[in-house]
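K.L.:
What follows is the residue order along each chain.
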Amino acid sequence: MSIRLKELVESLGGQLTGDADTQVSGIAPLSDATASQITFLSNPKFRPQVSQTQAAAVILSAADDAAVGADYHGARIVAANPYAYFARAAQFFAARNAIPVIPGIDPAASVDPAAEVAASACIGPNVVIGGGAVIGENVRIDAGCVIGAGARIGAGSYLYPNVTVYHACEIGQRAIIHSGVVIGADGFGFANDGGAWVKIPQTGRVLIGDDVEIGANTTIDRGALADTVIEEGVKLDNQIQIAHNCHIGAHTAIAACAGIAGSARIGKYCSIGGAAMIHGHITIVDHVHVSAGTLALRSISEPGQYTGFYPIAKHGDWEKSAALVRNLNTMREKIRSLEKSIKQLSQQLTQEDNE
Amino acid sequence: MSIRLKELVESLGGQLTGDADTQVSGIAPLSDATASQITFLSNPKFRPQVSQTQAAAVILSAADDAAVGADYHGARIVAANPYAYFARAAQFFAARNAIPVIPGIDPAASVDPAAEVAASACIGPNVVIGGGAVIGENVRIDAGCVIGAGARIGAGSYLYPNVTVYHACEIGQRAIIHSGVVIGADGFGFANDGGAWVKIPQTGRVLIGDDVEIGANTTIDRGALADTVIEEGVKLDNQIQIAHNCHIGAHTAIAACAGIAGSARIGKYCSIGGAAMIHGHITIVDHVHVSAGTLALRSISEPGQYTGFYPIAKHGDWEKSAALVRNLNTMREKIRSLEKSIKQLSQQLTQEDNE
Amino acid sequence: MSIRLKELVESLGGQLTGDADTQVSGIAPLSDATASQITFLSNPKFRPQVSQTQAAAVILSAADDAAVGADYHGARIVAANPYAYFARAAQFFAARNAIPVIPGIDPAASVDPAAEVAASACIGPNVVIGGGAVIGENVRIDAGCVIGAGARIGAGSYLYPNVTVYHACEIGQRAIIHSGVVIGADGFGFANDGGAWVKIPQTGRVLIGDDVEIGANTTIDRGALADTVIEEGVKLDNQIQIAHNCHIGAHTAIAACAGIAGSARIGKYCSIGGAAMIHGHITIVDHVHVSAGTLALRSISEPGQYTGFYPIAKHGDWEKSAALVRNLNTMREKIRSLEKSIKQLSQQLTQEDNE
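Protein chains in written order, with the working numbering: chain U, 1 to 355; chain Y, 1 to 355; chain H, 1 to 355.
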């Protein structure tokens with residue numbers, strides 16, 4: 001389904017130059033866009049591609065427009081943040097192309113009579129909803145999801161197939177939760193008694209704010225006594241583990257395979273790289289960026305980027321450097337011994353000069 | 001629902017000082033407990049908080065009781081291991097507050113006529129149980145679980161929603177298995193034939209002892225020819241991978257995101273930190289503790305704590321240290337060359353002295 | 001069910017010496033095989049075990065046969081690649097012992113009328129198949145799987161319970177997909193707008209070639225605009241994350257817990273070790289082997305093995321070496337300073353000699 005540029009600008013803003021009736025049917029990168037698509041320039045290094053693109057229209061910044069807009073044959077939309085404008089334009093197309101969701105509860109779903117499901121919600125086959133659960137307006141819960149007793153799913157949220165939400169957990173509005181996610185399983189809490197482990201019941205909840213997205217097979221454990229908290233706007237990639245009693249600040253993004261250990265507190269606007277690990281009980285302030293593959297062992301009190309992983313090398317070279325890393329103490333001792341020797345030689349020489 | 005302290009002590013032991021009829025309705029840390037709750041002191045550094053807490057009663061050790069018991073207004077329970085006592089007391093409250101489980105098979109479950117399900121078991125909607133499977137007394141299997149043909153689930157075990165147990169695998173008594181767990185998928189076994197991979201059928205099983213807990217989305221593969229074995233009392237956190245033919249000793253605890261490669265053998269009473277990786281075919285003796293983020297490449301034959309991860313730093317500092325790590329060989333060569341130079345200078349000086 | 005050696009050789013080739021009517025009922029390692037089993041010698045270091053094994057027959061190479069064949073009492077099958085022959089023989093036994101699959105759609109499955117399911121396919125209880133999906137001949141889809149609208153599953157593929165395939169994704173023939181796998185969830189794509197994240201709709205697909213195996217709880221995200229591609233013969237272990245727009249070359253094997261970040265391109269015949277992490281947007285050529293626990297940050301243009309992880313040590317030793325790694329710059333400065341001192345001493349000495 002194609003749309004006119006003026007519809008886009010009416011909806012998303014931006015300053016349009018060129019034919020407002022230009023029809024575009026989708027969005028693509030500068031190099032791939034066809035004559036029926038719109039494209040975008042979000043990085044000035046691609047400016048030379050603007051005059052070459054086949055696209056019917058381009059989204060770009062005022063600075064880029066001033067530099068290369070005149071070289072371009074098609075319509076231009078000047079936006080303060082062309083990449084964010086592209087994202088919203090892509091959402092605009094996706095919404096147009098989406099298959100309309102039909103409200104209602106599939107006959108193969110099992111909904112407890114004591115659950116409250118909004119009439120506008122769409123509940124798929126084999127979904128199970130426990131007593132006291134509250135499912136908001138326009139929520140979509142796909143096949144095989146299980147929503148525990150007393151859980152709450154905010155308006156406009158979308159749960160893909162086979163998501164599990166344990167009892168009493170709460171998810172805000174407009175959440176997107178992908179398949180295989182488990183929210184509210186027991187935190188890993190045990191008391192040691194003579195070598196064996198005694199389970200500490202995990203009686204807290206998971207509380208998730210609005211506009212949170214959670215990737216496939218990510219797990220977020222319920223708190224031990226207090227709650228695990230994910231603030232609004234947090235974006236979690238796939239296969240992330242968030243342990244009991246963590247607190248993740250608003251708009252923080254965490255890449256796949258990262259792990260956040262128990263009671264860790266991560267600030268707002270942080271980013272945690274793929275497979276990074278955050279130790280338990282530490283605090284990371286706002287605007288911290290932890291690189292991929294890095295283990296953060298202690299609290300971080302200053303914004304900035306932090307890194308720590310062993311550099312890759314050809315296997316033989318790594319073997320040599322790893323052997324030396326193990327023996328760095330020996331190297332330091334040798335340096336100390338050299339320092340002493342030189343001091344002695346120097347003294348000897350000075351002495352001789354004075355003799 | 002509140003209980004009297006004497007009920008607690010009758011059930012869990014401990015030496016009670018104070019009013020045995022004191023009613024408590026729950027358990028909370030020293031700093032948070034209200035006048036209707038019981039609290040605990042498990043770490044002597046929190047002794048000063050005992051006189052300040054609002055709690056109606058405190059669980060503590062004899063040593064702590066001797067030190068601060070007299071300063072405290074409420075009832076005291078002296079226990080040999082206050083933290084384990086706290087855990088059991090919390091279980092006591094949780095059991096009191098639990099919604100009773102109603103035995104029976106949900107009409108939306110699919111149970112093979114050749115499966116054996118105890119009358120006291122509770123089988124949720126959309127559960128599928130294969131032929132020859134045996135489900136013990138008081139087992140609870142929540143919605144969406146799939147139990148393969150010939151699998152066995154021991155008495156008192158609880159499988160949360162959407163767990164998959166493959167055919168012929170066996171789980172002991174009182175297991176707690178969280179959502180998304182997969183037990184008994186094929187191990188990763190292939191023979192290379194001219195670059196392509198030929199699958200080796202995985203015909204072993206997974207055998208899990210009593211009192212094992214398994215966290216959300218953890219996977220335990222079936223053995224290739226022999227079985228994968230998890231002994232009694234093992235506690236596994238979320239998103240752990242245990243490969244084919246591993247053997248995990250009793251009461252070992254493994255934190256989230258750890259991976260145990262094929263045929264690794266881990267002793268009893270070990271702990272494996274989050275995201276640690278244990279290489280295939282190695283043996284780790286009892287009472288070994290592998291730190292988070294550490295890769296154990298070779299067998300460990302001596303108890304103790306083992307660590308190996310790159311220390312985190314500001315990104316610029318890491319870049320410098322990583323570049324030096326890559327070139328440690330050059331540093332060593334320089335040190336050797338310095339040693340030679342000093343030896344020569346020293347000889348030269350001695351020679352001159354003798355001239 | 002036992003078979004005669006001649007049946008094996010007729011099916012799999014190899015040169016048989018000894019009684020072709022020898023009956024064998026299964027396959028086991030040299031040390032474990034009983035008198036009714038066949039065994040194999042794939043590594044010359046186990047040659048001494050051949051004369052000791054109880055097995056009725058042994059698979060071995062021509063070289064091993066020349067060396068130890070005469071010492072052995074039973075029948076021998078000489079094969080070019082005994083380990084691959086073992087794998088195929090094990091498949092032969094497994095096929096004989098397999099419970100026959102009955103084609104048809106379980107009454108508890110929900111199949112959209114607009115889906116196309118081959119009559120020979122076996123669709124389990126609670127499976128949900130969306131409109132426009134195409135399920136090939138002899139496909140087996142176990143309980144609880146959800147196949148999105150327009151997805152395609154090639155002939156002979158086997159999906160274990162609780163697999164999720166999102167809309168429009170395509171899987172080739174003879175795939176084996178284990179429980180908890182999620183194929184086609186949204187890639188992790190957002191534009192930052194003043195700190196908050198704007199979702200970029202992920203409109204690409206996942207395309208998977210023939211003969212691919214995917215381990216339990218592995219996730220493969222759909223592409224952002226273009227597709228994520230897994231070529232034929234790729235073998236993926238458990239809990240692997242493959243991000244949007246990755247391209248994995250044919251016959252590459254990836255071990256458990258590895259992560260491949262967005263738009264990474266991995267060549268053919270590569271192996272990626274457990275928990276290894278491949279950075280986004282990098283290219284790795286054919287025949288590269290990345291060791292376990294290694295983070296590949298930059299493209300790799302030369303075949304070979306690459307490694308990078310911190311060596312494990314007793315905790316106290318690690319603390320010392322880690323402290324030194326953080327301060328390598330200081331060590332380098334000291335070495336430089338020593339070099340200067342020695343140069344000065346040397347000059348001083350030379351000068352004195354000349355005086």
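Treat the hints as calculated values from the structure; they're not laboratory data. Glycine included, each C-beta is placed from N, C-alpha and C at the ideal position. Be a bit skeptical, because a hint or two may be false.
Taking lysine-lysine and the BS3-like style, the derived pairs with C-alpha atoms no more than 25 Å apart in a straight line are [unchecked claim]:
(1) Lys334/Y / Lys320/Y
(2) Lys334/U / Lys6/Y
(3) Lys314/H / Lys320/U
(4) Lys199/H / Lys45/U
(5) Lys199/H / Lys320/Y
(6) Lys320/U / Lys334/U
(7) Lys334/H / Lys320/H
(8) Lys340/Y / Lys314/U
(9) Lys334/Y / Lys45/H
(10) Lys6/U / Lys334/H
(11) Lys320/U / Lys268/Y
(12) Lys268/U / Lys268/H
(13) Lys334/Y / Lys340/H
(14) Lys268/Y / Lys199/U
(15) Lys334/U / Lys320/H
(16) Lys340/Y / Lys340/H
(17) Lys314/Y / Lys334/H
(18) Lys199/Y / Lys45/H
(19) Lys334/U / Lys314/Y
(20) Lys199/U / Lys6/Y
(21) Lys340/U / Lys334/H
A few chain Y residues facing chain H, derived, Cβ under 10 Å [said to hold, decoys possible]:
(22) Val9
(23) Leu12
(24) Phe46
(25) Phe92
(26) Gly144
(27) Val182
(28) Gly194
(29) Val198
(30) Tyr269
(31) Gly280
(32) Val285
(33) His289
(34) Pro311
(35) Ser341
K.L.:
Now look at each hint and say whether the structure bears it out.
P.N.:
Status of the hints after comparison with the structure:
1. Lys334/Y / Lys320/Y: holds (18 Å)
2. Lys334/U / Lys6/Y: Given pair Lys334/U, Lys6/Y is violated - Cα atoms ~67 Å apart, limit 25 Å.
3. Lys314/H / Lys320/U: holds (19 Å)
4. Lys199/H / Lys45/U: Answer holds: Lys199/H to Lys45/U is near 24 Å, not above 25 Å.
5. Lys199/H / Lys320/Y: violated (36 Å)
6. Lys320/U / Lys334/U: Holds. Lys320/U to Lys334/U sits at ~18 Å (cutoff 25 Å).
7. Lys334/H / Lys320/H: holds (18 Å)
8. Lys340/Y / Lys314/U: violated (30 Å)
9. Lys334/Y / Lys45/H: violated (42 Å)
10. Lys6/U / Lys334/H: violated (67 Å)
11. Lys320/U / Lys268/Y: The given pair, whose Cα atoms are some 34 Å apart, is violated under the 25 Å limit.
12. Lys268/U / Lys268/H: Given that 25 Å is the threshold and the Cα spacing comes to 41 Å, the pair is violated.
13. Lys334/Y / Lys340/H: holds (12 Å)
14. Lys268/Y / Lys199/U: With Cα atoms ~18 Å apart, Lys268/Y and Lys199/U stay inside 25 Å; holds.
15. Lys334/U / Lys320/H: holds (16 Å)
16. Lys340/Y / Lys340/H: holds (15 Å)
17. Lys314/Y / Lys334/H: Cα-Cα ~22 Å, so holds.
18. Lys199/Y / Lys45/H: Holds: Lys199/Y and Lys45/H sit about 24 Å apart, inside 25 Å.
19. Lys334/U / Lys314/Y: violated (28 Å)
20. Lys199/U / Lys6/Y: holds (22 Å)
21. Lys340/U / Lys334/H: Holds - the C-alpha atoms of Lys334/H and Lys340/U are around 12 Å apart, at most 25 Å.
22. Val9: Status violated, d = 40 Å.
23. Leu12: With a minimum Cβ separation of about 35 Å from chain H (threshold 10 Å), the hint on Leu12/Y is violated.
24. Phe46: violated (26 Å)
25. Phe92: violated (34 Å)
26. Gly144: holds (6 Å)
27. Val182: Holds. Min distance 4 Å.
28. Gly194: holds (8 Å)
29. Val198: holds (4 Å)
30. Tyr269: violated (17 Å)
31. Gly280: holds (8 Å)
32. Val285: violated (14 Å)
33. His289: OK, holds: His289/Y within 10 Å of chain H, min 8 Å.
34. Pro311: With a closest approach of 5 Å, the Pro311/Y hint holds.
35. Ser341: holds (5 Å)
Hint compliance for this structure: hints 2, 5, 8, 9, 10, 11, 12, 19, 22, 23, 24, 25, 30 and 32 are broken, all remaining hints hold.
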